[in-house]
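Undergrad: So you can see what is in the structure, the chains are spelled out below.
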Amino acid sequence: MSASRFDQAAVQDILRSAEALRWELGRDYHDRVVETVYADAAGIADRAVTREGDRPRFDLDATIDRLVTSRVWGLPIMLLLLMLVFWLTITGANLPSNWIASVLIGRIYPALKQGAEAVLIPHWVSGMLIDGMYLSTAWVVSVMLPPMAIFFPLFTLLEDFGYLPRVAFNLDNFFKKAGAHGRQSLTMVMGFGCNAAGVVATRIIDSPRERLIAIITNNFALCNGRWPTQILIAGVFLGTLVSAQLAGLVSAASVVAIALLGVGLTLVASWVLSRTMLKGQPSTFSLELPPYRPPRVFQTLYTSLIDRTIYILWRAIVFAAPAGLVIWLVANVHLGGPSLAEILVNLLDPVGLFIGLNGVILLAYIVAVPANEIVIPTILMLTVLMTGVTGVGQGAGVIFQLDSQQTLQSLLTAGGWSLLTAVNLMLFSLIHNPCSTTIYTIYKETGSVKWTAVATLMPLILGVSVTFVVAQIWHLLAGAI
Amino acid sequence: MSCEACPVHNTGRPSHLGVDMGNWDYVVALAGNPNTGKSTVFNALTGLKQHTGNWPGKTVTRAEGGFEYGDKRFKLVDLPGTYSLLSASLDEEIARDFILFGNPDVTVVVVDATRLERNLNLVLQVLEITGRAVVCLNLVDEARRHHLRVDERRLARDLGVPVVPTSARYRQGLPELLAAINDVAAGKTACKPHRIGGASPEVEQAVSGLARKIEAVFPKLTSARWVALRLLDGDARIAAAVRQGELGELEGASQTAVEGAALAEASA
Chain E
1 MSASRFDQAA VQDILRSAEA LRWELGRDYH DRVVETVYAD AAGIADRAVT
51 REGDRPRFDL DATIDRLVTS RVWGLPIMLL LLMLVFWLTI TGANLPSNWI
101 ASVLIGRIYP ALKQGAEAVL IPHWVSGMLI DGMYLSTAWV VSVMLPPMAI
151 FFPLFTLLED FGYLPRVAFN LDNFFKKAGA HGRQSLTMVM GFGCNAAGVV
201 ATRIIDSPRE RLIAIITNNF ALCNGRWPTQ ILIAGVFLGT LVSAQLAGLV
251 SAASVVAIAL LGVGLTLVAS WVLSRTMLKG QPSTFSLELP PYRPPRVFQT
301 LYTSLIDRTI YILWRAIVFA APAGLVIWLV ANVHLGGPSL AEILVNLLDP
351 VGLFIGLNGV ILLAYIVAVP ANEIVIPTIL MLTVLMTGVT GVGQGAGVIF
401 QLDSQQTLQS LLTAGGWSLL TAVNLMLFSL IHNPCSTTIY TIYKETGSVK
451 WTAVATLMPL ILGVSVTFVV AQIWHLLAGA I
Chain G
1 MSCEACPVHN TGRPSHLGVD MGNWDYVVAL AGNPNTGKST VFNALTGLKQ
51 HTGNWPGKTV TRAEGGFEYG DKRFKLVDLP GTYSLLSASL DEEIARDFIL
101 FGNPDVTVVV VDATRLERNL NLVLQVLEIT GRAVVCLNLV DEARRHHLRV
151 DERRLARDLG VPVVPTSARY RQGLPELLAA INDVAAGKTA CKPHRIGGAS
201 PEVEQAVSGL ARKIEAVFPK LTSARWVALR LLDGDARIAA AVRQGELGEL
251 EGASQTAVEG AALAEASA
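Going down the list, the protein sequences come from chains E and G.
Residue numbers are given in the working numbering: position 1 of the first sequence equals residue 1, and the series is strictly consecutive.
Residue numbers are given in the working numbering: position 12 of the second sequence equals residue 12, and the series is strictly consecutive.
Derived by calculation from the structure, the hints in this document are not laboratory data.
One or more hints might be untrue.
Said to hold, decoys possible - Within a straight-line C-alpha distance of at most 20 angstroms, the following computed SDA-like cross-link-like pairs (lysine to any residue) qualify:
#	chain 1	residue 1	chain 2	residue 2
1	G	K72	G	Y26
2	G	K213	E	V103
3	G	K75	G	K213
4	G	K192	G	R154
5	G	K213	E	W23
6	G	K213	E	R22
7	G	K192	E	V37
Turn these sequences into a full structure, and let the hints steer you where they fit.
TA: Shown next, in the form of structure tokens:
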């Protein structure tokens, strides 16, 4: 097209003479140019830089690096740091969570109901707006805001400090063994924030084969939309199995276990892919460890609150409030007997129970394809509406003398949840199809329907298999006891 | 009257404009090694809040923003960090294509003052392509912490382009950086960029001969000399660009990258 505007003969002449000159100059031409650049750079830098005084005897950065990237201590330190972050999140979120719940649901909700009755608003309007939209939004805010407001700033502080590349450094060797590119450890760490961003970040990998592996497996890195689900379910179901002193520790350990399982799955899936669909040798690369930089604490707190916490909460509410409306309608529109929601949930229930989940969770995952953030809100709304416990806090406020976690647990237990449901929900939240934004990004980056389908369906099939196997083993063990 | 509405406030400081600016007087590219604070400089100049991170590879796409200085409007393009312009991966290619084919009026190379020698490798390669460059000597606060002193005047003399020490995290040196960009854009600063020296006469003859031929066919090209160097090095991508007559026409080459950036931002 545009080539016609140029003199083809002249273009051929350029290429021909370049080729001829390359032979004349010899094969070491490239090395000579690079060497000249390096020598010039060294000379200029040497003239411009002076070191004042002696080299400091104690180099803090190097000392920290020796410790956090050491063969022996690197991984244990990483686990300890992760544990600490989740422990702080789970134990710290309890109190504000209770406080917000007691105000929004314990006080404001009954007041709204009474007010609606007093001004004679029709039952279906107040049901839709107050039981549907308000209650679901209130639940979302009280159970999701406090953990996120603690977790995201802590995570961002670690990132700004420069710890994440060290995590990548520690994991690099495993990726090489899995037949993947070492830089995939970086894109995976990026996926801990957002999988769509992680998929875009795979551009740092130059080999197309290894880049595809990184794209397909990025979904196994728990993203911002899924951390709250893990933290919440771990706190409600696993933390309560042990005494109050140990609760935080056990919940934190189970979230870390799920995150590590994700890393393990990334490695296993990469290994399988590099031996089946995407065969090849891993290429070498260099990974630069950036200097530690003291994080600017206030700015970090501010941006992580605005960029992540409020953003994700906002996404959850924006999707959850209208969903709450629809779900209220679905739960209250009766088709000659059972409500529409009951029909749908009953339809999905056999499949759900088969893999140790239930119909409500499956319906929530179908609703939540656009955003993982609304899984928990949708589950809560459906459970509240289907079990008919909309009157929580309305009567004597008995339920709110307990803390919000126990309220949540009794609510979900009323919806037929067991410990197996909770464990499998955590597993399924880790292993299922990526959200629609990520799927679209994968398509944009690969330009291939085939690889987009692989990246979407592989985790879904794996997730169903894993939850199924866990459920069967669970039933077997339960039967044996 | 608010500060923002005051004319004094807006001279010598970039006004924080959104995306409504359609017409630009100058296009400025922001290049540099990974993790030197390019995105921080970008945010500080444009008032945008691209997420920054303390690790190499945080920016893999082109991000664009704008600022005003004096009565001129500047479009600022934040490029992915690269160690060289020899381009191996997609992110490096995006950076190289823009400097080479995007015809920026000024290329700002952000360098890490604590790792000057390694960073200069990229600076020297950029200077081979374009002399309309400003070196932003960033992280001078960190260099001070490590008891390093960089003589920016000596550096500017050796490189032949303006060198501005900054500490973008703490918004230090930004007015000086803006002034330097403006002066180079307007042609007020005469740049005499350092050329990679030490080449044997035969190499020099080969490069300049080939460059003349390229220039005759592609007069709009920023640096025929760099294209000649790459062809002599057997760079297949550059050879393909020559064959298809794309040189000097590639302004929209990285369009998909921009869409990717917007998407990543929307979902981050």
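Undergrad: Output the indices of the hints that this structure fails to meet, ascending.
TA: Hints 2, 3 are the ones this structure does not satisfy, whereas the remaining hints hold.
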